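*Asks:* Sequence:
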Amino acid sequence: MLLCFNLYLIDLYTHEGGLEAAPARLIIVKYLSPAGILMVVFSQFTGFYYTFDELNRYQRAPGFILSCLIALSIMILQFSVIIQYYRHLSRSIRISLLLFAFLAIAASILQTFVYGFSLINITVVAMAALLYIFALRDIAIELEHAKKLEIDFYKEEQQKEHALFEQTAEALATAIDAKDRYTHGHSTRVAMYSTRIAQNVGKSKEECEEIYFAALLHDVGKIGVPDRIINKNGRLSSDEYDQIKLHPVYGNQILDNIQTSYLSIGAHYHHERYDGRGYPEGLKGEEIPEIARIIAVADAYDAMTSRRSYRETLPQQKVREELVNAMGSQLDPKYAKIMLDLMDQDREYSMQEQTSQVSPDHDQRSGQRQDQEGSLHQERA
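Here the working numbering is used: position 109 in the sequence shown is 138, and no number is missing along the way.
Just so you know, the hints here were simulated from the structure itself, not pulled from any lab data.
Errors might be hidden in some of the hints.
[Stated by the list, open to error] Pairs of lysine to any residue, SDA-like flavour, derived with a Cα cap of 25 Å: (1) Lys59 <-> Tyr114; (2) Lys313 <-> Glu351; (3) Lys208 <-> Lys189; (4) Lys184 <-> Gln196; (5) Lys59 <-> Ile94; (6) Lys189 <-> Ile283.
[What the hints assert, rightly or not] If you anchor each label on the Cβ, the simulated ranges turn out as follows: (7) Tyr183 <-> Ala64: 50 to 60 Å; (8) Asp375 <-> Lys208: 28 to 38 Å; (9) Arg340 <-> Ala192: 31 to 41 Å; (10) Asp181 <-> Glu238: 15 to 25 Å; (11) Pro344 <-> Asn262: 22 to 32 Å; (12) Asp370 <-> Gly314: 14 to 24 Å; (13) Leu369 <-> Arg340: 36 to 46 Å.
What you are looking at is a predicted structure, and each value in this text was computed from that prediction instead of being measured.
Where is the CB? At the ideal position from N, CA and C, for every residue including glycine.
Kindly generate the complete structure, drawing on both the sequences and the hints.
*Replies:* This is how it looks when you write it as structure tokens:
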């Protein structure tokens, strides 16, 4: 038992205790213990430790004190190591080690005065059982701690990935807006308005975040449209307009490769109309994904509340009238109504493109550019 306990101590201090090598005293015990075991074997054949009389009664022999001294020496050496490196282990383990060593030493001393049963064996076995229980408890605590560290690590990594995704999405949205000189900050504003609509309809935090990023990247398909068409002054030809109408398809193709599927929904369907006359699929009513219906309202609102080369921001009342007229035809009435409620709360008309957001050469652009689509968010955003 003492030899096993010693091997346990060596492993404990070199792994959990942080010692580079096992203490020399435990190495001494490592070799002293087998010597003590050999002495027990020798005693069995010679009666050096104890004998049995003709009545089969246990009798101590002259060498009995040596058996106690070997065990006592081993335990003292172990006890001294436990005391010296007391703070290197967890509280539950070091207490159980102290009890094991101290009580075993006390039992060895008392054994010289107790006759008839092995007080040392009883104490060592009892303390070994106690140590086992404490070790199991300590392992459970360590596993729980390790699990917590693992969870914290994954949370930290998730936060880093989320931050990287957010920065990438925002950078891409900025690049999209920079490609179209007729818009500035459009994607960010549409994302903000879409999120506010989602919040007012009772969406969860996670759902609002999905809608925010889907709205932020809803115009990503413009990357596939030639600059000469996007930034053309004046009216588009039929062929040019057909190419403009392909940007939802391009957006879906770009974002569909990303495992986060909700991103492609906003890009693909934000030009669908509630009455089925939109593009690219011609979906109608609730056939249009909810995310896209929310984005469509926000996109329409920003188109009217942003400056264009051919006009200033529309008056708030005019925006309201246009939204009301588009309910049930171009826009989902449910989300258009929420946008109207947000407008009612915005008495100072702060939900519009600010002057500071407009590029310096905005007012110098020529051409009475108006799109063939002719209404609301079908103005080029």
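*Asks:* Checking each numbered hint in turn, tell me which of them this model violates, lowest number first.
*Replies:* Hints 3, 13 are the ones this structure does not satisfy, whereas the remaining hints hold.
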